[in-house]
Amino acid sequence: MIRFVNLRKVRYFVRDYWPTILTLVSLGVVVLLIMGSYKTYKESKNDFDVLIEEVKLLKNRSDTLQYNKTLTEDQIVVYNKILTSLIPETEDYFSIIYALETISQNTGFSIVSYTINLSNVSREKLSINIEGRGNPEDFKRFLGAYKYIGGRLITSERIEFSGVNFTNTRVSLNFYSKKFTFNESVLPQLTKGDVSKLEEIKKKIKISFKENSEPKKEEYEVKDNPF
Amino acid sequence: MKRRLNLFNRKKRFDFFSDYANKIKKYGTGAGVILFLVFVFIIIQTISVRGQVLNLTKKKQLYLSLLMNDKDIEANTRYFKGKQTQLLTYEKDDARFLPYYSVLVSALSSSSQSATLDSIEIDKNRESTFIVKFKDYDGMVQFLRYVESPEFLNNFDALSMASLNLSRASGSSARVQSTVNKNYQLQFKGRFKEIHDQIR
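Which chain is which? The protein sequence lines are A and B, in order. Here the first sequence stands for residues 0 to 226, numbered as in numbering that gives the first Met the number 0. Here the second sequence stands for residues 0 to 199, numbered as in numbering that gives the first Met the number 0.
Rather than coming from a laboratory, the hints here were simulated on the basis of the structure. Do not take every clue at face value.
Chain A side only, calculated, beta carbon under 8 angstroms to chain B, not exhaustive [as the list claims (entries may be wrong)]:
| # | residue |
| --- | --- |
| 1 | V24 |
| 2 | L26 |
| 3 | V29 |
| 4 | V30 |
| 5 | T39 |
| 6 | S61 |
| 7 | T89 |
| 8 | L117 |
| 9 | T154 |
| 10 | I158 |
| 11 | D193 |
Every residue, glycine too, gets a C-beta built ideally from N, C-alpha and C.
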């Protein structure tokens, strides 16, 4: 009985106030629509923001690449060969001997002996004590040329020179080797200074770089220590 | 008096609700219109953002294809920069003897004709020790005056005289001795100012 009355009341209520109920239902529907559309909008906006950043990074990367390409005038492969020659990925003792011979030939400062300085050797650096013969002018030529001319980067941490009492001279030279590790960071932009430095080194190095040719595989077996 | 019965006139029930119902209809319609306009606005914004996302996706594809075409150059550039960084790092181990030696020789030649650079030692931190020899006393005095001048000191961050070696016979004045003994030595210690020149 109670149930019958309640149902009848509900029916009467709906019949009397259907415009009000319709208004409330419509409001509810619109609110639901707003919530749904706002969710979609937020998702699209997030996608948009992410894409904006991605495109910005890609554009920078692409622009930098184009700039680098123009700056190096497609010489970058040659520059990389020079850099690999100066600082090889792994130590190659034969290139050290070749470098010392090249320096001797080009400067007149004759390197007559060399010994590895074991106290100053690390995984990346090999220190060699050399003994050379020549006059002071030869030695000055050697000092002006040793850094790149042999095709290997050579440094000397301390140099003594006596032009007056010049006899056989001993110099400690460092040779370097290090693996290149790929860095995922932003593509670096080259500068004119970078390129001009490599151009200067390229002029000094007395080894030929054939473009568009694969580096020859070493036919000899790489030994750990030729000395 | 006759009483008429209107069968079409329906009496409202739930009188207590009728006031609320009127208010709900009145304000609810207004709110509904505003909310609908908000909905339309959001939809328009969403369509606009979707359009921009589409454009950006196309741009992204374009840049990716450009980068894919130049991936060798990109790899070469990264290698170049990595190796160049190694080169610049290792170059700091070098004493860069010749530029500093040249600066000193040039300074000596403009100081005194009798000044000769006897020996020099330079390390990678530009710390240097050098010995200057003189044939006569006057040349040495002339050089000492020059050493204190800004022209010479501008080449150094720090410079001090470490030793002075005068060979003179007992009982004779330095001026007289200078004509006899030609072994006057001054030893200096200091640090050169860094020279930012091109590679040698």
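To see whether the hints hold, each was checked on the structure:
no.: 1; hint: V24; in the structure: violated (10 angstroms)
no.: 2; hint: L26; in the structure: holds (5 angstroms)
no.: 3; hint: V29; in the structure: holds (4 angstroms)
no.: 4; hint: V30; in the structure: holds (6 angstroms)
no.: 5; hint: T39; in the structure: holds (6 angstroms)
no.: 6; hint: S61; in the structure: holds (5 angstroms)
no.: 7; hint: T89; in the structure: violated (14 angstroms)
no.: 8; hint: L117; in the structure: violated (18 angstroms)
no.: 9; hint: T154; in the structure: holds (4 angstroms)
no.: 10; hint: I158; in the structure: holds (4 angstroms)
no.: 11; hint: D193; in the structure: holds (6 angstroms)
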